[in-house]
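Peer 1: Chains as they are written, first to last, in the numbering used here: chain A, 1 to 279; chain B, 280 to 450.
Just so you know, the hints here were simulated from the structure itself, not pulled from any lab data. Some hints here could point you the wrong way.
[What the hints assert, rightly or not] Simulated restraints on C-beta separations:
#, chain 1, residue 1, chain 2, residue 2, range
1, B, D321, A, L196, 48 to 58 Å
2, B, Q334, A, A248, 32 to 42 Å
3, B, S296, A, T259, 46 to 56 Å
4, B, G392, A, D227, 58 to 68 Å
5, B, R418, A, D61, 32 to 42 Å
6, B, D381, A, D61, 28 to 38 Å
A virtual CB, placed ideally from N, CA and C, is assigned to each residue, including glycine.
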Amino acid sequence: MSVAIPETLEEALQVAAADPEVQVLAGGTDLMVEVNFGYRRPASVCALHRIAELHAQRQDDGEVVIGAMTTYHDMERGVIAAALPGLAQAGRTVGSPQIRNAGTVGGNLATASPAGDTLPVLMALDSTVVVASVAGRREVPISDFLVGPKRNALGPGELIVEVRVPHLRGPQEFLKVGARNAMVIAVCSLALVVDLERRRVACALGSVGPTVLRAFEAEERAAQEIDWQTGRLGDPAFAPEFGRLVAAAARPIDDHRSTAGYRRHAIGVLAERALRRSA
Amino acid sequence: MTGTGSISDIEPRLGYSLRVNGRDHEVDGAWVGDSLLRVLRDRLGLSGSKNACEQGECGSCSVRLDGRLVCSCLVLAATAVGREITTIEGIAPEDGLTDVQDAMVTEGAVQCGFCTPGLVMAIHDLLDRNPAPTALETREAISGNLCRCTGYGRIFAAVDSTVASRRDAAS
Chain A
1 MSVAIPETLE
11 EALQVAAADP
21 EVQVLAGGTD
31 LMVEVNFGYR
41 RPASVCALHR
51 IAELHAQRQD
61 DGEVVIGAMT
71 TYHDMERGVI
81 AAALPGLAQA
91 GRTVGSPQIR
101 NAGTVGGNLA
111 TASPAGDTLP
121 VLMALDSTVV
131 VASVAGRREV
141 PISDFLVGPK
151 RNALGPGELI
161 VEVRVPHLRG
171 PQEFLKVGAR
181 NAMVIAVCSL
191 ALVVDLERRR
201 VACALGSVGP
211 TVLRAFEAEE
221 RAAQEIDWQT
231 GRLGDPAFAP
241 EFGRLVAAAA
251 RPIDDHRSTA
261 GYRRHAIGVL
271 AERALRRSA
Chain B
280 MTGTGSISDI
290 EPRLGYSLRV
300 NGRDHEVDGA
310 WVGDSLLRVL
320 RDRLGLSGSK
330 NACEQGECGS
340 CSVRLDGRLV
350 CSCLVLAATA
360 VGREITTIEG
370 IAPEDGLTDV
380 QDAMVTEGAV
390 QCGFCTPGLV
400 MAIHDLLDRN
410 PAPTALETRE
420 AISGNLCRCT
430 GYGRIFAAVD
440 STVASRRDAA
450 S
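With these hints in hand, go ahead and build the complete structure from the sequences.
Peer 2: See below:
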């Protein structure tokens with residue numbers, strides 16, 4: 001029993017293959033809370049911070065490839081800020097500078113919280129999660145990767161390597177409601193992506209369902225309402241209707257952070273606001 | 280595993296070395312799950328980093344890890360091997376204060392004092408990156424550090440006076 005700090009992905013995959021129960025540690029912002037409070041007592045840990053390839057971000061043939069150990073801090077600048085403004089916005093809303101320096105996109109995916117701040121953006125962009133084990137790599141669409149509240153599609157011995165995100169032309173928004181602007185876990189959150197090339201709108205919702213949801217009917221209606229010559233709504237009066245359609249797609253619950261009724265109301269407000277800013 | 284031992288018998292104990300404030304410190308018999316904060320305070324006697332929330336909410340345990348401001352309660356101590364750790368004890372000259380600490384005293388930004396070490400770390404981190412922050416940038420930079428005494432006004436004043444005195448010194 002030990003703490004493994006591999007230098008390469010290959011070594012990390014060997015560790016995960018030899019000990020499928022090993023606790024993988026990315027930024028620590030979720031795991032360490034559970035350890036500190038005694039909810040989890042890992043017998044062995046595999047920390048990924050020394051693996052250089054997991055920290056990289058690059059543009060590659062119409063995609064942005066984001067290494068699993070990319071932090072929220074990293075998302076606010078560089079290639080992500082330039083190519084994926086919605087993800088940069090989401091990263092900036094996470095926690096505090098201390099949390100953004102530690103927490104990672106791979107950790108956000110692995111934790112698979114319905115409130116994970118990057119997840120609505122990655123979902124609205126139809127991202128692909130690349131996972132690996134000693135047996136090889138496989139690519140999992142994010143809608144298949146997030147299988148339920150705090151449940152993901154990782155198999156035994158598998159690690160998240162990177163997430164591949166299409167680089168689209170058009171506005172992107174991420175909006176989030178919480179008790180204050182910093183240090184909040186989302187009461188609800190929303191990502192809106194307008195794809196000017198394919199003439200599509202995508203809208204994904206956080207914290208209003210067991211996992212991140214897409215508002216497909218609202219998306220299709222919005223795509224019909226946008227004048228694609230200008231990228232603007234033909235009739236701005238559609239925006240409140242968009243809010244109602246998105247609210248209808250939510251499946252919120254009452255919990256310690258909010259009521260279902262407030263969440264449904266607020267997600268509609270966010271949807272209307274995001275569409276007004278984007279189209 | 281016999282099933283008769285206590286948790287400490289059946290859980291691994293680790294020995295490792297941490298580099299804190301430019302010095303190597305041996306850590307013996309730590310639990311695999313110990314946070315950096317716990318090791319700093321309980322094993323290395325560095326109690327300047329404060330322990331309050333243990334979930335990254337309050338910022339009172341802020342340290343620098345390889346130059347990045349983090350909550351030491353969210354760092355698994357055993358994974359900080361080989362990394363450069365700077366705590367509040369490591370930032371001031373011998374028997375002196377940093378300019379930020381001095382401004383905190385002068386501006387009356389310290390009441391109970393519990394949040395002060397974390398805030399000093401966060402303010403140094405801000406001013407190293409951004410020597411002339413706007414009011415909003417300062418608020419964002421210390422948004423992860425809770426102070427329940429001051430209402431923050433005197434803390435912002437300490438940031439402003441540090442910025443002004445550094446600017447005066449440079450001109």
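Peer 1: Decide, hint by hint, whether the structure agrees.
Peer 2: These are the hints, each one checked on the structure:
1. B:D321 - A:L196: 48 to 58 Å: holds, 57 Å
2. B:Q334 - A:A248: 32 to 42 Å: holds, 35 Å
3. B:S296 - A:T259: 46 to 56 Å: At 51 Å between Cβs, range holds.
4. B:G392 - A:D227: 58 to 68 Å: Roughly 60 Å apart at Cβ, these two residues keep to the hinted range, so it holds.
5. B:R418 - A:D61: 32 to 42 Å: Because 40 Å falls inside the window, the suggested range holds.
6. B:D381 - A:D61: 28 to 38 Å: 54 Å Cβ-Cβ, so the 28 to 38 Å window is violated.
Figure legend: structure checked against the earlier numbered hints; the only hint not met is number 6.
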